[in-house]
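S.K.: In case you want the letters, here they are:
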Amino acid sequence: MTFLFRLGFVLKEGFTQLLRTRGPSTAIVIIVASTLLQLSLFLGITRGLDRALSSAKKKFELALFFAPSADASDRKRVSDLLASDPRVGEVKMVTKEEALQEFRGDPEIDRMIQALGENPLTDSLSVVLKDGEGGSLDDLVERLRREPGVEDVDYGKSAWETVSRLSRLARWVGWGLGGFVFLTALFIVSNTLTIALWARREDYLILARMGAPLWMKWGPYLWEGALQGLVGGVLTVVFLETVRRGAKVALQQYGGLDLLLGLPDGDWKGLYWTLLGLGVGLGVLGAFFALQKRWVREMQ
Amino acid sequence: MMIQGFHLTKVHSSGAKVLDDAYFSAPEGSFTVVLGESRTGKSTLLKMFGGEEKPTSGTLRVDHLDPYDLAPSEKDRWLRSVGVIFPDLELFPDKSVEENILFILHMKGAPPEGQREAVTKLLSKAGLGDKGPARPSDLSSGERRMVLALRAMIFRPRLLLADDPFQGLDERTWSVLLKFLLELNKGGATVVLSAGPASFPEAAKKAAQDRSPRYVKLEGGKLLPAEEAVL
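Protein chains in written order, with this note's numbering: chain A, 8 to 307; chain B, 397 to 627.
In isolation and in its complexed conformation, chain A is listed as follows (with noise of 0.2 Å):
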């Protein structure tokens, strides 16, 4: 027998299979569908929270004060060395004029320049680090500090770690709570569709008695369930959806929902793809540990 054939046998069996046992299918189509939402609650509010860490962590700067003794030479090498740090996104020089310019907006200082009357700044760079680099800075900031010409550096460590933690511990509780749900709903599923399969052991007997091949006797029931977890899946899209594009405004009271709202378009398209692969991994893996309940196992 060809695959195809093969698989023709197994997609329309299990599709039989799945109207035929309409009441338990609704039941398992309710419970992932349910399911996939508070994972997309989880999963869109951690991506929230991820991209406000990371604008967050896009604000810390790093700045390196030059020598008033640092000449081309060495701002060359310091440039050079940055450049070459993966973590480092974009570098900006900043002119001691630059930075007189800047503060003389603030009358205090501007008086205290006018009274010293030269300008006591030195030329820096501004260092902008790339989006997601959550590592200690500690390596480069030291090797920065010796360099000659190189007079401080200035980054804000605690706070940039604290940042850093907080990203994790989000991303963390979000993959925890997550994985819980899922785990329950795996456990509801595989349940449902092991009462699905006792109201149909008489024919599995029937195959396992007459020598049918695995692929004959599973197949249709996993992919029942992968069916019936698309089907929970696409409700739960249709629904978000829904709610992104007509509810958006009435929902946003409510906490939480504004980050999950807040996400740009090309997140909300990967977060439906994964609520699909969630919905359809959920009905598989249910079905398969219901084929592995001991009564199917003796039944083989």
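Do not rely on the hints blindly, as some may be mistaken.
Stated by the list, open to error - Simulated coverage check for chain B against chain A, where a stretch passes if three residues somewhere in it have a Cβ under 8 Å from a Cβ of chain A: (1) 470-479; (2) 502-508.
What the hints assert, rightly or not - Derived DSBU-like pairs: lysine-lysine, alpha-carbon spacing no greater than 35 Å straight-line: (3) B/Lys517 - B/Lys582; (4) A/Lys224 - B/Lys450; (5) A/Lys224 - B/Lys521; (6) B/Lys504 - A/Lys300; (7) B/Lys471 - A/Lys300; (8) B/Lys618 - B/Lys521; (9) B/Lys491 - A/Lys224; (10) B/Lys517 - A/Lys19; (11) B/Lys491 - A/Lys300; (12) B/Lys582 - A/Lys300.
Everything labelled a hint here was simulated from the structure, so no lab data went into it. Note that CB positions come from ideal geometry on N, CA and C, so glycine has one too.
Take the given structure of chain A and dock chain B to it, following the hints.
M.R.: Below, chain B without anything else, positioned relative to chain A:
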């Protein structure tokens, strides 16, 4: 397929001993009828040959293999070359008669071309030409038994085990079924069927004569050889 059984003993979990140091032999291509009163262990014996009832002790070889010693996937493959007509091995209730038989052809790995035509032809040969779309629940008990038999025979198994296949059938139906069984045997398949004293009538014995059937009787857990069988 050839069947050989030595010192076969089967004790059910209830403690009842249905086979007691029994011997059995069915050469390849033979037609064997196991006769016996009800509850003498005929079904158990046939299920034992079909890989469903492991002997408590003794040696069983079907085609030189011990079906109880095979790995699950090997056993599935082996089972696919055996046709069984067991009353408790029902039809799929939600499939039509035609789908039930087609399903077996799919399962046994028959080429997909011409399957539907073959099923239609077989059904009409069995006098069930109009029953193709019917559900098993719409069939009479005799019709259902005939469909069970057709399902077991359509893929031309090398071994056919039929547990009391004529039980409750009218004369016309059992004679059609016997004709199928004999045809299959003529094609080289080994056929072992069981029957009660009343379910294998004289007319059946006469009709089967051409195939030189071997008769054995199961009594008190022993299989009596053909010459000792009370016919």
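S.K.: Evaluate each hint against the coordinates.
M.R.: Do the hints match the structure? See the list:
1. 470-479: As far as the stretch 470-479 of chain B goes, the hint holds, because 7 residues have Cβ atoms under 8 Å from chain A.
2. 502-508: holds (count 5)
3. B/Lys517 - B/Lys582: holds, 20 Å
4. A/Lys224 - B/Lys450: The hint holds at about 23 Å.
5. A/Lys224 - B/Lys521: Measuring from Cα to Cα gives roughly 31 Å; hence the hint holds.
6. B/Lys504 - A/Lys300: Judged against 35 Å, a Cα distance of about 26 Å means the pair holds.
7. B/Lys471 - A/Lys300: holds, 21 Å
8. B/Lys618 - B/Lys521: violated, 38 Å
9. B/Lys491 - A/Lys224: The given pair, whose Cα atoms are some 16 Å apart, holds under the 35 Å limit.
10. B/Lys517 - A/Lys19: The given pair, whose Cα atoms are some 25 Å apart, holds under the 35 Å limit.
11. B/Lys491 - A/Lys300: Answer holds: B/Lys491 to A/Lys300 is near 26 Å, not above 35 Å.
12. B/Lys582 - A/Lys300: violated, 44 Å
The earlier numbered hints that this structure contradicts are 8, 12.
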